[in-house]
Amino acid sequence: MYIEQANLSKRLIRECYGPIVETVAGVLIRDGRLPLGLLIKNTKLSAREVKQALVVLIQHGVVTHAASKEGAGRRMVTYYSANTRVVLRQQRLGLYLALVEERMGKEGVAVFRTVMENGIMSIGTVKERLGSSEWSQAAQIKLDAATSKLVRERFIVAVAPGDTVTRIDKTMEAEAVELDKLAVLPTAKELLTIRRMLNDRAEQEYSNTTVVGMKRVAEEEADGHVSKVVVGPDGRTLMVANGTNGADGTNGSESQDTVDQTQCFRVYYDRLDVFLRNQQLVNYFADKYNAGAGAIVKAMLRITESRTKTCRDRRSEVLSVAQVINQLPQDAPLADAVDTGSDMFFQDLAASATSGNGTAKGGSGNGALTPAKRTELAFALLEVVRADASGIVVKVDDRGGGQYQLNFDRAASALRDQSLDTLVHEKFGSLHARIVRVLRDKQKLDEKSVATAAMMPIAACRERLHDLALAGFIDSYEIARTVDRNPSRMFYLWYINPQKQTRAAMRYIFKSMTNIFARLDKELAARAPLVAKTKRADVAADQSLLTDSEKNELAALSAAQTRLEVANVRLDGMLLAVHDISPEHASF
Amino acid sequence: MAELEAKIYEHALKNSNGIDNDYLNDALPEHTLEDIVNGVNRLLQSGQLELLQVGRTILYRGVHRSEMERMSELTSDERLVYKHIENSGGEGIWVRTLKQKTNLLQGVITRCLKVLEQRALIKSVKSVKHPTRKLYMLINVDPSSDVTGGPWYTDQEMDSDFIDQLARQCYQFIYAHSFPRHNTKAVYSANHTGYPTSSQIKRFIHENRITNVDLSTANIEELLAMLVYDGKVERVAPVFDMGAGGGGRPAATSDPRTDWMYRALRVNARDSPLTDIPCGRCPVFDRCSDSGAITPAKCEYFKKWLAF
Numbered sequence: 000m001y002i003e004q005a006n007l008s009k010r011l012i013r014e015c016y017g018p019i020v021e022t023v024a025g026v027l028i029r030d031g032r033l034p035l036g037l038l039i040k041n042t043k044l045s046a047r048e049v050k051q052a053l054v055v056l057i058q059h060g061v062v063t064h065a066a067s068k069e070g071a072g073r074r075m076v077t078y079y080s081a082n083t084r085v086v087l088r089q090q091r092l093g094l095y096l097a098l099v100e101e102r103m104g105k106e107g108v109a110v111f112r113t114v115m116e117n118g119i120m121s122i123g124t125v126k127e128r129l130g131s132s133e134w135s136q137a138a139q140i141k142l143d144a145a146t147s148k149l150v151r152e153r154f155i156v157a158v159a160p161g162d163t164v165t166r167i168d169k170t171m172e173a174e175a176v177e178l179d180k181l182a183v184l185p186t187a188k189e190l191l192t193i194r195r196m197l198n199d200r201a202e203q204e205y206s207n208t209t210v211v212g213m214k215r216v217a218e219e220e221a222d223g224h225v226s227k228v229v230v231g232p233d234g235r236t237l238m239v240a241n242g243t244n245g246a247d248g249t250n251g252s253e254s255q256d257t258v259d260q261t262q263c264f265r266v267y268y269d270r271l272d273v274f275l276r277n278q279q280l281v282n283y284f285a286d287k288y289n290a291g292a293g294a295i296v297k298a299m300l301r302i303t304e305s306r307t308k309t310c311r312d313r314r315s316e317v318l319s320v321a322q323v324i325n326q327l328p329q330d331a332p333l334a335d336a337v338d339t340g341s342d343m344f345f346q347d348l349a350a351s352a353t354s355g356n357g358t359a360k361g362g363s364g365n366g367a368l369t370p371a372k373r374t375e376l377a378f379a380l381l382e383v384v385r386a387d388a389s390g391i392v393v394k395v396d397d398r399g400g401g402q403y404q405l406n407f408d409r410a411a412s413a414l415r416d417q418s419l420d421t422l423v424h425e426k427f428g429s430l431h432a433r434i435v436r437v438l439r440d441k442q443k444l445d446e447k448s449v450a451t452a453a454m455m456p457i458a459a460c461r462e463r464l465h466d467l468a469l470a471g472f473i474d475s476y477e478i479a480r481t482v483d484r485n486p487s488r489m490f491y492l493w494y495i496n497p498q499k500q501t502r503a504a505m506r507y508i509f510k511s512m513t514n515i516f517a518r519l520d521k522e523l524a525a526r527a528p529l530v531a532k533t534k535r536a537d538v539a540a541d542q543s544l545l546t547d548s549e550k551n552e553l554a555a556l557s558a559a560q561t562r563l564e565v566a567n568v569r570l571d572g573m574l575l576a577v578h579d580i581s582p583e584h585a586s587f
Numbered sequence: 000m001a002e003l004e005a006k007i008y009e010h011a012l013k014n015s016n017g018i019d020n021d022y023l024n025d026a027l028p029e030h031t032l033e034d035i036v037n038g039v040n041r042l043l044q045s046g047q048l049e050l051l052q053v054g055r056t057i058l059y060r061g062v063h064r065s066e067m068e069r070m071s072e073l074t075s076d077e078r079l080v081y082k083h084i085e086n087s088g089g090e091g092i093w094v095r096t097l098k099q100k101t102n103l104l105q106g107v108i109t110r111c112l113k114v115l116e117q118r119a120l121i122k123s124v125k126s127v128k129h130p131t132r133k134l135y136m137l138i139n140v141d142p143s144s145d146v147t148g149g150p151w152y153t154d155q156e157m158d159s160d161f162i163d164q165l166a167r168q169c170y171q172f173i174y175a176h177s178f179p180r181h182n183t184k185a186v187y188s189a190n191h192t193g194y195p196t197s198s199q200i201k202r203f204i205h206e207n208r209i210t211n212v213d214l215s216t217a218n219i220e221e222l223l224a225m226l227v228y229d230g231k232v233e234r235v236a237p238v239f240d241m242g243a244g245g246g247g248r249p250a251a252t253s254d255p256r257t258d259w260m261y262r263a264l265r266v267n268a269r270d271s272p273l274t275d276i277p278c279g280r281c282p283v284f285d286r287c288s289d290s291g292a293i294t295p296a297k298c299e300y301f302k303k304w305l306a307f
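Residue numbers (numbering that gives the first Met the number 0), protein chains in the order written: chain U, 0 to 587; chain E, 0 to 307.
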């Protein structure tokens, strides 16, 4: 898998930053941590070129650095190491931009894109790039509001000087500081305690909900009232908010926090992966049940979004039924989603919820649905998704109609298993997929038991087991019957190793993506003269200068490009489901 | 003495499980124990009684006349082999096991088996679990399902067509009961108890005469497990209806074991992104690289795919 990952990473870097940067990154990916001298030697580039390439890579978070004392003279040597995970995110930039535009509007996506294209940038510089000083006041206010929202929602995060230092070196340095405090060499237990403490400190830092990079601004008027023009709740209209000084009188207005213009920010990709994962979860339930179930899960995920930092979080906050029902949009397709029949259970629950809390949204709601009926249907759908075999939605308490929680660990497993089962089904066949599910359910089995459970002849089962093992989707476990471990007298048990399965799938994905890029290059190269012709000023102004066959060729090229790029995006979506959303693999 | 032997023989025939000395002593108080034992010995010699050991107890069982006639024609070795084969019942016994138990030479066993087969006393069957082994059992004994493989095997081969057709019928029945009839887009609520169980599916197969093979509930559950592993149905735990609205199903409450229900899943045609491109199904994927004879740039599969 690592060769394929390295090849794909190099290809993506070339696409984004050019061949020189690709050469430098390629050497770092291949050789690991290197100091500048060795990097220059291995790349065969000039020192200036290597340094410039390093600046670009560090700016975009692809390369991190760490200094350590070496040699008798204890001179400081800086090592550089590449992070392929950041590189592979380049595939997803289109999705991120679409996501940001949907949630933050045009202003938000403009700021986001500028920061993304430049790696690290302060908001003041972003505004200069966008030329916002020439905009109208209303547009500038919208831009500020969008920027504040981006920072508050953690789409972009503040950058500290230490962020470009390699994480493991930071950990080792912190450990060294703690060890220096000890008078003697530490025992194994003391070392473990120190490491645990540092780990807890890192966890605390991760769990910290303080948003860095915001500052409070209040403009006081002569009469003591604080008024300012703010963006309305719909994110588009402007209104004046009035309130007494020190009190929260801002009726329906945004927070008074603004972004520090001098603070540098970078895009927080891990946070954006949460939204992509949530979308996949909604699709999972919508496919399995119906659109109504998908709407319920979407509402739950929407509530948890603000508190879920990254895909590393294993469980969401606890949600009440009232919160979920309030979050449901008016046009949620609940009417035909669930058949409660004349079941009194949900009617009673709905009645107690609407009388106790009065939280059901008013109005006729979804077509002819009354609020009580809507609540009843929402309750019923919540129970349906809770009863799902995947165990993603968990009921933690029965108070107030029920308190629910989302288990992201199980969500990641369910999405991964679904992706891999579909892959095995399409690549090998339904009988292979059956064997995979048998092994996932029963753990370790010998081939006879697999054949019995899968209801297929033993010879065919043996052949399929070996096909899957060769592809890396299952593994075998040997139990010796004799002391000499004679292979002919061993039990061979087959089982699913999730890590190995994931690596096998990732290997296929990375290689396929690299192949797609190669094919794309070939399609472009084959029509290079034609593409150059279309860029001519006269042809660009007047398309009729192209002949019919040239137009057909361009259309074919466009179709091929679209098809290949869409295939790449889909493969990246599969990579997300199989690997990136898993809490074990999700980074900070 | 003949009278005593006749009485002992009569008692032994009456109790097919066997009788011991204490039973005979109680049943024949007028005779001494010594006489009883001598009578038993004579009957054993003539073959009218046979010895059994149950735990540490020695029992005597009566041998019917027809069986005696059969046994009288056999030599002692043949009789020994026949007895072991008889004891194996429907499971059958392998030649090697027979050799271990009887301590007879291979040639002797082979000869005995040949004679017994010629006299139509035993038959050989093949086991589905061990296709290379020949098992021997009495001619009038039906092989057990372990040997034949059960209803899923025909002529020692797994009948995949039969399994698939039956599975399809079961799936259609389950699907028809998994979604509300008036609105197939909807789902039933979480406490719905109308999903079919394995016993209901078995009844459906039997009543509609879908197959004339006798299927047990365990067989049906094997088939349903296969559908679960195919991702077409899922097992749902029964819900105990504690509310006033229509109590629990009587069958479930009276049945001590958990009566799982089965619910069909909406199987949407889903294609994997990997197999959507030629690389996913390419036979030379592992040999493809940037240079060499097989490259993405020269790939014919890509060419056809892009032209499609």
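What the hints contain is simulated information worked out from the structure, not anything from laboratory work.
The structure presented is a predicted model; accordingly, all values stated were derived computationally and were not measured.
No residue lacks a Cβ here, since even glycine has one placed at the ideal position from N, Cα and C.
A couple of the hints might just be wrong.
Stated by the list, open to error - Pairwise CB distance ranges (calculated):
{"#": "1", "chain 1": "U", "residue 1": "Y476", "chain 2": "E", "residue 2": "W259", "range": "25 to 33 Å"}
{"#": "2", "chain 1": "U", "residue 1": "E477", "chain 2": "E", "residue 2": "R95", "range": "20 to 28 Å"}
{"#": "3", "chain 1": "U", "residue 1": "K394", "chain 2": "E", "residue 2": "G291", "range": "53 to 61 Å"}
{"#": "4", "chain 1": "U", "residue 1": "Y476", "chain 2": "E", "residue 2": "R280", "range": "50 to 58 Å"}
{"#": "5", "chain 1": "E", "residue 1": "R95", "chain 2": "U", "residue 2": "R385", "range": "54 to 62 Å"}
{"#": "6", "chain 1": "E", "residue 1": "G291", "chain 2": "U", "residue 2": "V54", "range": "50 to 58 Å"}
{"#": "7", "chain 1": "U", "residue 1": "E477", "chain 2": "E", "residue 2": "G291", "range": "30 to 38 Å"}
{"#": "8", "chain 1": "E", "residue 1": "R280", "chain 2": "U", "residue 2": "K188", "range": "49 to 57 Å"}
{"#": "9", "chain 1": "E", "residue 1": "R110", "chain 2": "U", "residue 2": "R461", "range": "57 to 65 Å"}
{"#": "10", "chain 1": "E", "residue 1": "T294", "chain 2": "U", "residue 2": "R461", "range": "29 to 37 Å"}
{"#": "11", "chain 1": "E", "residue 1": "T294", "chain 2": "U", "residue 2": "E477", "range": "51 to 59 Å"}
Hints, one by one, checked against the model:
Separation of U/Y476 from E/W259 is about 30 Å and conforms to the stated range, judged on CB atoms against 25 to 33 Å. Between U/E477 and E/R95 the beta carbons are some 27 Å apart, a value that agrees with the proposed interval 20 to 28 Å. The hinted window of 53 to 61 Å between U/K394 and E/G291 holds, with their beta carbons roughly 57 Å apart. Taking 50 to 58 Å as the suggested C-beta distance range, the pair U/Y476 and E/R280 does not conform, at roughly 30 Å.
Taking the beta carbon of each, E/R95 and U/R385 are about 57 Å apart, inside 54 to 62 Å as hinted. At about 36 Å, the beta-carbon gap between E/G291 and U/V54 misses the expected band of 50 to 58 Å. In this structure, U/E477 and E/G291 meet the distance hint of 30 to 38 Å, their C-beta atoms being roughly 36 Å apart. Separation of E/R280 from U/K188 is about 55 Å and conforms to the stated range, judged on CB atoms against 49 to 57 Å.
Take E/R110 and U/R461: their Cβ atoms lie about 38 Å apart, and the range 57 to 65 Å is violated. For the hinted restraint 29 to 37 Å between E/T294 and U/R461, the CB-CB distance of approximately 35 Å keeps it satisfied. Hint check: E/T294 to U/E477, Cβ distance near 39 Å, so the stated range 51 to 59 Å is violated.
Consistency with the previously given hints fails for numbers 4, 6, 9 and 11, ordered from lowest to highest.
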